[in-house]
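Asker: As a plain string of letters, each chain reads:
Number of protein chains: 4
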Amino acid sequence: MNSYGSSIKFSIFGQSHSPEIGMTLEGIPAGKKIDLDELQKFMNRRAPGKSYSTSRKEPDVPEFVSGLVGGVTCGAPITAIIRNKDTRPSDYSNLADIPRPGHADYTAAVKYGDARDKTGGGQFSGRLTAPLCIAGGILIQLLRENGMEIRARALSIGNVKDSGAFPENEICGDIPAVSRESAGEMLEVIERARSEGDSVGGVIECVITGVKPGAGGPMFGGLENRIASAVFGIPAVKGIEFGRGFESACIKGSEMNDPFYFDEEGNVKTKTNNCGGILGGIADGMPITFRVAIKPTPSIAKPQQSVDLKTGENVTMTVNGRHDPCIVPRAVPAVEAAAAIAIYDAIAAG
Amino acid sequence: MNSYGSSIKFSIFGQSHSPEIGMTLEGIPAGKKIDLDELQKFMNRRAPGKSYSTSRKEPDVPEFVSGLVGGVTCGAPITAIIRNKDTRPSDYSNLADIPRPGHADYTAAVKYGDARDKTGGGQFSGRLTAPLCIAGGILIQLLRENGMEIRARALSIGNVKDSGAFPENEICGDIPAVSRESAGEMLEVIERARSEGDSVGGVIECVITGVKPGAGGPMFGGLENRIASAVFGIPAVKGIEFGRGFESACIKGSEMNDPFYFDEEGNVKTKTNNCGGILGGIADGMPITFRVAIKPTPSIAKPQQSVDLKTGENVTMTVNGRHDPCIVPRAVPAVEAAAAIAIYDAIAAG
Amino acid sequence: MNSYGSSIKFSIFGQSHSPEIGMTLEGIPAGKKIDLDELQKFMNRRAPGKSYSTSRKEPDVPEFVSGLVGGVTCGAPITAIIRNKDTRPSDYSNLADIPRPGHADYTAAVKYGDARDKTGGGQFSGRLTAPLCIAGGILIQLLRENGMEIRARALSIGNVKDSGAFPENEICGDIPAVSRESAGEMLEVIERARSEGDSVGGVIECVITGVKPGAGGPMFGGLENRIASAVFGIPAVKGIEFGRGFESACIKGSEMNDPFYFDEEGNVKTKTNNCGGILGGIADGMPITFRVAIKPTPSIAKPQQSVDLKTGENVTMTVNGRHDPCIVPRAVPAVEAAAAIAIYDAIAAG
Amino acid sequence: MNSYGSSIKFSIFGQSHSPEIGMTLEGIPAGKKIDLDELQKFMNRRAPGKSYSTSRKEPDVPEFVSGLVGGVTCGAPITAIIRNKDTRPSDYSNLADIPRPGHADYTAAVKYGDARDKTGGGQFSGRLTAPLCIAGGILIQLLRENGMEIRARALSIGNVKDSGAFPENEICGDIPAVSRESAGEMLEVIERARSEGDSVGGVIECVITGVKPGAGGPMFGGLENRIASAVFGIPAVKGIEFGRGFESACIKGSEMNDPFYFDEEGNVKTKTNNCGGILGGIADGMPITFRVAIKPTPSIAKPQQSVDLKTGENVTMTVNGRHDPCIVPRAVPAVEAAAAIAIYDAIAAG
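Read top to bottom, the protein sequences are chains A, B, C and D.
As numbered in the working numbering, residues 1 to 350 make up the first sequence, in order.
As numbered in the working numbering, residues 1 to 350 make up the second sequence, in order.
As numbered in the working numbering, residues 1 to 350 make up the third sequence, in order.
As numbered in the working numbering, residues 1 to 350 make up the fourth sequence, in order.
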């Protein structure tokens, strides 16, 4: 389903080359002023047009169809759309029946048959993270009002790791890393991949501060379940881990357990945060931390082996179109957006 | 919420020391014969009583309250319960107000206050994976009827990795690894942890074969979202990755993309399976593979730092009760169960 | 689905003659004391054993399996069961393939095939309103704490109408009418129907007081939608109307519209309550009133025309078993229970 | 919530005077050709511009934003919008703080406060039945492909009852009655109400033919629950009854029960259809019949008593704006649409 949420309802519509793409967000209280400039700045972090991204130019300006009166929520569902302007369906005509490896072309063909939208990935396009960012950008504002901040960075791109502490340090530039040096190396890795007709992935780290203890719940209503369920909605995500994640499999309980203590104001804190701020699916008041694995963009210029679904023959194909050699920088705000939706929904559930 | 599912509805009830624990499974077609012996065998894989597990003895025999007539589903919701027999709430009396590090005691205290069930982890207990296994055990039978198999193993415990190929090889014994040698080393690691009053975690690998291409869907209805959402319902899970997962962040697109080809019967296959059988959230017909990080059991005998929520003082505490030094072996069937629920639900959604 | 609720999750399990029937109620805050005697009194209003009801004897004592610790909610799902004791499946053996007119036997046979539970109506039995009353009885207590009362009466049975004002007057006896005279006539109508081997229906009126204005929502989240959706879960309900209901179709707008005014405390009230306390799906603070049409019990002793699904022949059949000549009195608490579930869920949704 | 559906997801967005109103429909299979002319004809039945309706002129032409490629569903969510053109928010400026009796103005003020959309009823406007009709119009086409027809008529307006049989006879003209004479009298009743500055309600009858036995389910998943839940989403609906509905409360079981028989083709039929084609919440294969009570339009020209929420004073007010003296004719396609959504969803649930 294209929908998410238990207390709020969030749904995305649109395809890569449909007239519009957009989203509906239900369950937001009336009377909330949305800062549209702030929202646009958030959208711009995801928007294409950077050196390392696709040459498809889309301004990605949300237009609000309903739910806002004078920039303030009125209690009705908020629907916003983005017009698709720079579409070039012809780029895809030769691929209609030859699925691109690593893409959803083949599985879409099986599931939807010949009626599927064959241009630009249809509903599976990374472009659909734009409406995700509209909702996320709105909810980040509402969470901030209540003292919560959501920030993510590129922890690594290819084999280059960002070297500074996070979220203590600020993002340094277009590449969302905190170390300027690491960012420079990451850009090199991306450029090298592009020049080789190849692509590269990375890991995104996200930290949510200010969540009061008690948010979330046991079993399937846990924060991990909710965040994972939202984050896997971003194309190219292949893994997620909380706190020390996979590393926790290799250490002892005495090392992993976070000791409790009372801080000076009498609040319960933990000395370490190996659990990533979540115990039993519920926030413990420490920062919520998680990392997301992003696979390399499947659209690469190199010739690849595939099949022709019409003729039944194995073929060699090349992907045209305009593509990012690395999606990680643009996926960073999408991860923040997904986290915002999950956290807002969990808190609203009480 | 203690519920899961879009097409089916699965919910769990009970606490570690409540009179009964159980589950309700709605949406299963009428006329399905459930092999109760087979189900019991599945339950036994999770049940305590092994050398490496807690000394709490529970036979874990499900009793069917409704939904089965003569062992056959009648179309009504299936409810089964397990009686809690070997409860010793007194083991926990000293811990009522001193949260165990790494456990949900503190977050439960914040969320539910003094009315929370304070014995044995209450509703956060790993014991609640028993009802998960009832549902999973039933659905594994139904999936098998349609050619699907779900198998998991301990890929690693602590720093010991299982050495053989999977699922090509069978599990060799009580420790669910394929290499008898690895299993032996794993058991040593567990015993050493126990003797040190400590615990150890591990990684579980799960492989689902026979899923026809087309199951799943885009966005939040993807197989990754659904499986992650179910698997994080198992206590102690801190991460999940599909296919090459976090490794995919370090490799090139040309390496990651799985080339398509027609096999001899004219079926579309991929030469590699780096995507773990899922493209765009939808099964591509190859085995679905994922790995789950299990943290070390938080209940350890070593003294730990914690807080006394009543007195407001920092304290040193030790955990009594009966605990597993490593939960990984017993979590293996729970992961299979969660996978079965997610896959069955996704396929039923069409 | 056997489930109801957006903010809470309520689900029913069991069949007429399964070992147990029961319910799970999720989403109730921790720390609520449940008065079990009060609950039993509520259950007894639905229980059989009155002069006008079936001779099947069931004490209908709920046993709490989980969710209560010392009679207080602990935040975990509340599950309670009732054991089926006085089952006589043999009463139904001759009917296995001959559907009783007015019952769900035929539609169950189509939907579930031969595997359906053929005894006593299976999951379609009116007996399943017992678990509904467990949940309703609990929620009525929680609503009362917040100043809300839910009361229903038999407004009519057959052609006999209850003559007094409601809810101003109290129920006078076993027949839940406010006029002792009307109650006497109703009992006569029921006895006459029984002696003729026939049955009779009626109308139940329900009034909910104390609901603060603002509960509910527009469109499909309206109070009418929610209440109707719960009430039609009671077998034999064939209609529901709010406020003046069907009568409103015959009057003018100037007659139907309820004029607003400020009362002495400065609260907004309406002079009349033709809308039944609901405007735009949202409570306006006046009593919420609705009426429910209950069809005559389909189980009658008179010979009836039916079909033999095995032989393909038209047949004349008679219904054995133990049946109520009028279900209305026992359906009154079931309607209150359904209303409680709907109102509690709507209020919890904010 | 503005959303409906278990198998499909349908949601409505927009306010009376927002830039656009629209809907999203998820879960429709790919490859379905939508006849847009047929859809527009359906929309026109609801559109204003008839003698008896508001003078607000809106062409109500749906524009498809996503989900259709060349007029064929592609498997992605279908989103369509309608631009609001003839808005006159100034008509409502004097009413901002004086709630119109019978409208949701007061309850909206309580629920959403000052931020609510105060013009034209905001999200509570009957105008939102236009997007309902987009979804309904599409689903009616898909149901028709499978042999199902949904037809409704004005059974009565005020005290005038339509005299002919239905659905055997066709609608005779703008007033959706089968008797031309009744339609004429209905129009008179409406004109008389308008000339008196008043309004009038009515009853809509809906018949769904061709639904195979087995659709629907027990308890809260019954066809009555589903249809009622959708139909109460239409503003002004105050009651719903199935089959003989409230009349069934006055008759005997022997009269109410529909005797089964085998017809000449060996299909099970019932001699009467008092249950309205539904037994135990499940279709029995006979026509599904229900009636809906529509209250008189609350917007009337006559002076009315209300309150000034700002000043705290009781006031006399008159409603300006452009209004229908009777909404029943335009509500007929809305009822068909709601029925289509409910039935399609129930069938898709299996």
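Be a bit skeptical, because a hint or two may be false.
Copies of the same chain look alike in the list, so a pair counts if it fits in one copy or across any two.
[To be verified] The list that follows gives simulated cross-link-like pairs (lysine-lysine, DSS-like), each with its CA atoms no further than 25 Å apart:
| id | residue 1 | residue 2 |
| --- | --- | --- |
| 1 | K32 | K212 |
| 2 | K252 | K50 |
| 3 | K32 | K271 |
| 4 | K33 | K310 |
Treat the hints as calculated values from the structure; they're not laboratory data.
Keep in mind it's a predicted model, so treat the numbers as computed, not measured.
Asker: Mind listing which of the numbered hints don't hold for this structure, in increasing order?
Answerer: 3
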